[in-house]
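Participant: Sequence:
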Amino acid sequence: PPPSRDMNPALLQVHAIAKDREDRLWVSITYDGVHRRRVDGSWERFEATQGLGRAVANVITTDSSGRTWLGYPSGQVALVVGDSVRMFAASEGLDVESVLAISVHGDRVWVSGQLGVAALTTREGGGRSDERFVTLATSGETLRGVSGVVETADGELWLNGADGVTRIATVEVRRALTEHGYKAQYERLDYRDGIEPPAPQVRPLPSAVAGTDGRLWFTSAGGVSSIDPRSVRRNAVPPPVHLRALSAGG
Numbered sequence: 354p355p356p357s358r359d360m361n362p363a364l365l366q367v368h369a370i371a372k373d374r375e376d377r378l379w380v381s382i383t384y385d386g387v388h389r390r391r392v393d394g395s396w397e398r399f400e401a402t403q404g405l406g407r408a409v410a411n412v413i414t415t416d417s418s419g420r421t422w423l424g425y426p427s428g429q430v431a432l433v434v435g436d437s438v439r440m441f442a443a444s445e446g447l448d449v450e451s452v453l454a455i456s457v458h459g460d461r462v463w464v465s466g467q468l469g470v471a472a473l474t475t476r477e478g479g480g481r482s483d484e485r486f487v488t489l490a491t492s493g494e495t496l497r498g499v500s501g502v503v504e505t506a507d508g509e510l511w512l513n514g515a516d517g518v519t520r521i522a523t524v525e526v527r528r529a530l531t532e533h534g535y536k537a538q539y540e541r542l543d544y545r546d547g548i549e550p551p552a553p554q555v556r557p558l559p560s561a562v563a564g565t566d567g568r569l570w571f572t573s574a575g576g577v578s579s580i581d582p583r584s585v586r587r588n589a590v591p592p593p594v595h596l597r598a599l600s601a602g603g
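Heads up, the sequence shown is in this note's numbering, so the first residue is 354 and it goes up one at a time.
Treat the hints with care, since some could be wrong.
Said to hold, decoys possible - Calculated cross-link-like contacts (lysine to aspartate or glutamate; reagent style EDC-like; alpha-carbon spacing at most 16 Å): (1) K536 / D507; (2) K536 / D581; (3) K372 / D416; (4) K372 / D393.
As the list claims (entries may be wrong) - DEER-style ranges, computed between Cβ atoms: (5) L599 / A442: 53 to 61 Å; (6) A589 / H533: 46 to 54 Å; (7) H595 / S427: 50 to 58 Å; (8) D393 / T523: 16 to 24 Å; (9) Y544 / R377: 36 to 44 Å; (10) W396 / S427: 19 to 27 Å; (11) E375 / S584: 19 to 27 Å; (12) E450 / P591: 19 to 27 Å; (13) D393 / H533: 46 to 54 Å; (14) V524 / G567: 31 to 39 Å; (15) E494 / P557: 23 to 31 Å; (16) V367 / V562: 37 to 45 Å.
Since the hints were derived computationally from the structure, they do not count as laboratory data.
Note that the Cβ used here is the ideal one computed from N, Cα and C, for glycine as well.
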């Protein structure tokens, strides 16, 4: 897209890119905001009604339902369906700070950011449905800097963040999203397992994807790692302890 006249072209970098079901190309450009390329080849600037203007989108995700999701450093998420735009923010339960990843798995929409992970849920009541985000609470520290989210076919959740790769079992995910106050148990993979955190916090994003064969791939400060979630090897043998020296009384 043509840059704004007052911008130095050398400063303009592609921050995120995606193509929707109508073959329209979405591009987020540093310092110049989000642009959309129509099928006829013309470009238009995407400006949400909530004053985003030229705000750069950290991530752009399209899904099979024809929806486009844009995540912003402000912590807001824009949902675009056709020509309609809906914004999600803290008032809709979305409180993850700067949005770093948006992942759509079937009817489930995951949004992660600098300070948390949340899922979009639908609640029925009073003859109407209300879509709100529910924060995924865990039994340990806050899920920081999660820039990659993958939900497997079995419902497991794999998160790539500032502290390493976090795996949350299917039953734990379900309980955390449906039982108020429940904190999900999780498993953490880090430098002791061959993964050097942190995951990328700016670009390229997302930092976690699933291959067509079901294998998961993660990027981090240490490079690229992969794992087959259907076959995770674990050593059940406790490491032997050798007492090599003893001192007492000073």
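Participant: Could you run down the list of hints and mark each one as holding or not?
Facilitator: Do the hints match the structure? See the list:
no.: 1; hint: K536 / D507; verdict: violated, 20 Å
no.: 2; hint: K536 / D581; verdict: violated, 26 Å
no.: 3; hint: K372 / D416; verdict: holds, 10 Å
no.: 4; hint: K372 / D393; verdict: holds, 14 Å
no.: 5; hint: L599 / A442: 53 to 61 Å; verdict: holds, 60 Å
no.: 6; hint: A589 / H533: 46 to 54 Å; verdict: violated, 35 Å
no.: 7; hint: H595 / S427: 50 to 58 Å; verdict: holds, 54 Å
no.: 8; hint: D393 / T523: 16 to 24 Å; verdict: violated, 45 Å
no.: 9; hint: Y544 / R377: 36 to 44 Å; verdict: holds, 42 Å
no.: 10; hint: W396 / S427: 19 to 27 Å; verdict: holds, 24 Å
no.: 11; hint: E375 / S584: 19 to 27 Å; verdict: violated, 39 Å
no.: 12; hint: E450 / P591: 19 to 27 Å; verdict: violated, 39 Å
no.: 13; hint: D393 / H533: 46 to 54 Å; verdict: holds, 50 Å
no.: 14; hint: V524 / G567: 31 to 39 Å; verdict: violated, 20 Å
no.: 15; hint: E494 / P557: 23 to 31 Å; verdict: holds, 26 Å
no.: 16; hint: V367 / V562: 37 to 45 Å; verdict: violated, 18 Å
Checked against the numbered hints listed earlier, the structure breaks hints 1, 2, 6, 8, 11, 12, 14, 16; every other hint is satisfied.
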